[in-house]
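These protein sequences, in sequence, are chains A and B.
Counting the first sequence from 1 gives a position; my numbering is that position plus 33.
Counting the second sequence from 1 gives a position; my numbering is that position plus 770.
Mixed in with the good hints there might be a few duds.
Calculated lysine-lysine pairs in the DSSO-like style (CA-CA distance at most 27 Å, straight line) [unchecked claim]:
#1 A:K44 x A:K103
#2 A:K44 x A:K90
#3 B:K866 x A:K103
#4 A:K103 x A:K86
#5 B:K866 x A:K90
#6 B:K866 x B:K822
#7 B:K866 x A:K86
#8 B:K847 x B:K826
#9 B:K847 x B:K822
If you're looking for bench data, these hints aren't it; they were derived computationally from the structure.
These numbers were taken from a predicted model, which means no experiment stands behind them.
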Amino acid sequence: DAGITQSPRHKVTETGTPVTLRCHQTENHRYMYWYRQDPGHGLRLIHYSYGVKDTDKGEVSDGYSVSRSKTEDFLLTLESATSSQTSVYFCAISESIGSDNSPLHFGNGTRLTVT
Amino acid sequence: GDSVTQMEGPVTLSEEAFLTINCTYTATGYPSLFWYVQYPGEGLQLLLKATKADDKGSNKGFEATYRKETTSFHLEKGSVQVSDSAVYFCAHTTDKLIFGTGTRLQVFP
Numbered sequence: 034d035a036g037i038t039q040s041p042r043h044k045v046t047e048t049g050t051p052v053t054l055r056c057h058q059t060e061n062h063r064y065m066y067w068y069r070q071d072p073g074h075g076l077r078l079i080h081y082s083y084g085v086k087d088t089d090k091g092e093v094s095d096g097y098s099v100s101r102s103k104t105e106d107f108l109l110t111l112e113s114a115t116s117s118q119t120s121v122y123f124c125a126i127s128e129s130i131g132s133d134n135s136p137l138h139f140g141n142g143t144r145l146t147v148t
Numbered sequence: 771g772d773s774v775t776q777m778e779g780p781v782t783l784s785e786e787a788f789l790t791i792n793c794t795y796t797a798t799g800y801p802s803l804f805w806y807v808q809y810p811g812e813g814l815q816l817l818l819k820a821t822k823a824d825d826k827g828s829n830k831g832f833e834a835t836y837r838k839e840t841t842s843f844h845l846e847k848g849s850v851q852v853s854d855s856a857v858y859f860c861a862h863t864t865d866k867l868i869f870g871t872g873t874r875l876q877v878f879p
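Chain A with its partners taken away, still in its complex shape:
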């Protein structure tokens, strides 16, 4: 297994509170991603990073922010959690991006429930 650790694995929080999810990798891969998984939608990209302090938005970035201060850590923050952000969040890493076809390696996910 690729060395990817997501924390926490489960979290329940109240509407309006900020929440931070952490992804830690030991593979020294340049690219890191945050996806959310919802029934009927598959996986949708929230944000991704192509290096330290270099991030960009995915298709469902509203209400989320990210930070990458070190190669190994990629944080996802829900600034003010809403019930629509109840989901399973997956972190992924890859050595390269795009048509170079470098596969993604996924963490085991964080199940977030916003009440």
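Let chain A serve as the given structure and place chain B on it in line with the hints.
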């Protein structure tokens, strides 16, 4: 825009049955194609991939052929096992990976 469409599940089969999960895509450029598998409680794992037309990806008895003329990448296995029960995702990448909605496979003894 770029997208991936795969058949809705669940697909329910008996052990040793033949499996096909359909996947078609739309993409600008010339994407690489992937099948990922997700077992319960886990993240996705790469199952197989193909990077150019007519390539066949294969792994663990699963196969898929990159068909540029029909923009398809259907997943097949000749004889499924109970342990194959999982959710299967088709995906393609040009600049970023785009996933289909997933197809749940349930295999019964």
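Quiz item: Looking at the structure, which of the earlier hints fail to hold?
Solution: Hint check: nothing fails, all pass.
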